[in-house]
Amino acid sequence: MASEAALLQPVVNAGLILAAAVTLLAGYRVIKGPTVPDRMVALDTIGTNVVAIAALFALATGRGLFVTVSLVLAIIGFISTIAVSQYVIEGDIIE
Amino acid sequence: MNAIHQLVVAALVAVGTFFLLVGTIGLIRFPDVYNRMHASSKAATLGASSMLFAGFVYYGPQGAGLTSLVGIVFLFVTAPTGAHLISRSAHKMGVPFYGQEAEWPEEPDESRSD
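Chains A and B are the protein sequences, given in the same order.
Note that the working numbering has the first sequence beginning at 1, numbered continuously upward.
Note that the working numbering has the second sequence beginning at 1001, numbered continuously upward.
Fair warning: there could be bad hints in the mix.
[Stated by the list, open to error] To spell it out: a stretch of chain A is covered by chain B in this simulated footprint if at least three of its residues, at any positions, have a beta carbon under 8 Å from a beta carbon of chain B; those stretches are: (1) 36-43; (2) 84-92.
[To be verified] To spell it out: a stretch of chain A is covered by chain B in this simulated footprint if at least three of its residues, at any positions, have a beta carbon under 8 Å from a beta carbon of chain B; those stretches are: (3) 10-19; (4) 50-62; (5) 68-76.
[Stated by the list, open to error] With the Cβ distance kept under 8 Å, some of the chain A side facing chain B (calculated, not the full set): (6) Leu-7; (7) Ala-26; (8) Ile-31; (9) Thr-81.
Simulated from the structure, these hints should not be mistaken for lab results.
None of the values given here were measured: they were computed from a predicted structure.
Glycine residues also receive a C-beta, built at the ideal position from the N, C-alpha and C atoms.
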């Protein structure tokens, strides 16, 4: 199915490259960010970008399994955001 | 897979890439935690949802396309929740605003927790 998509393939490849570059740029805020919530926001953005990269990879290779991979990554990102914010507020997660 | 189908998927991928780029520029350039969270939680969510909608158009309404729609719904539910939790933890940590004009409103009564 990916072989006959002559118009689609360069656009999806360019989108993959740009999304990966943007994710690397968000790593600047993880390293530099002055406070802990800055780093949390940047890591949340990286999680959302990785979801987009997995969906684009499903388009680029023609394998629908990677859409499920992006869904699992979204769930893991949400749970980790909740866990880190609870840790910052309360000091512990499971008491 | 005809030309119009490919064109719609390519346009959705381009829109999603644009929104991801805008969200990351906002994340890097804005001066404050709350502004950065505003940029990333709206624009990056919209970019990833546009990518997943391109997956829905590509795969059709069964199988992986249906999973893409579930992913869009999940992102639209969880991204504001995560942003709210992060801003609440920043408030509890006492992270200040960027300018001197803005400040938190007064608490109406002390008996209520949150």
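Can you name, in rising order, the numbers of the hints this structure does not satisfy?
Of the numbered hints given earlier, the structure breaks just one, which is hint 8.
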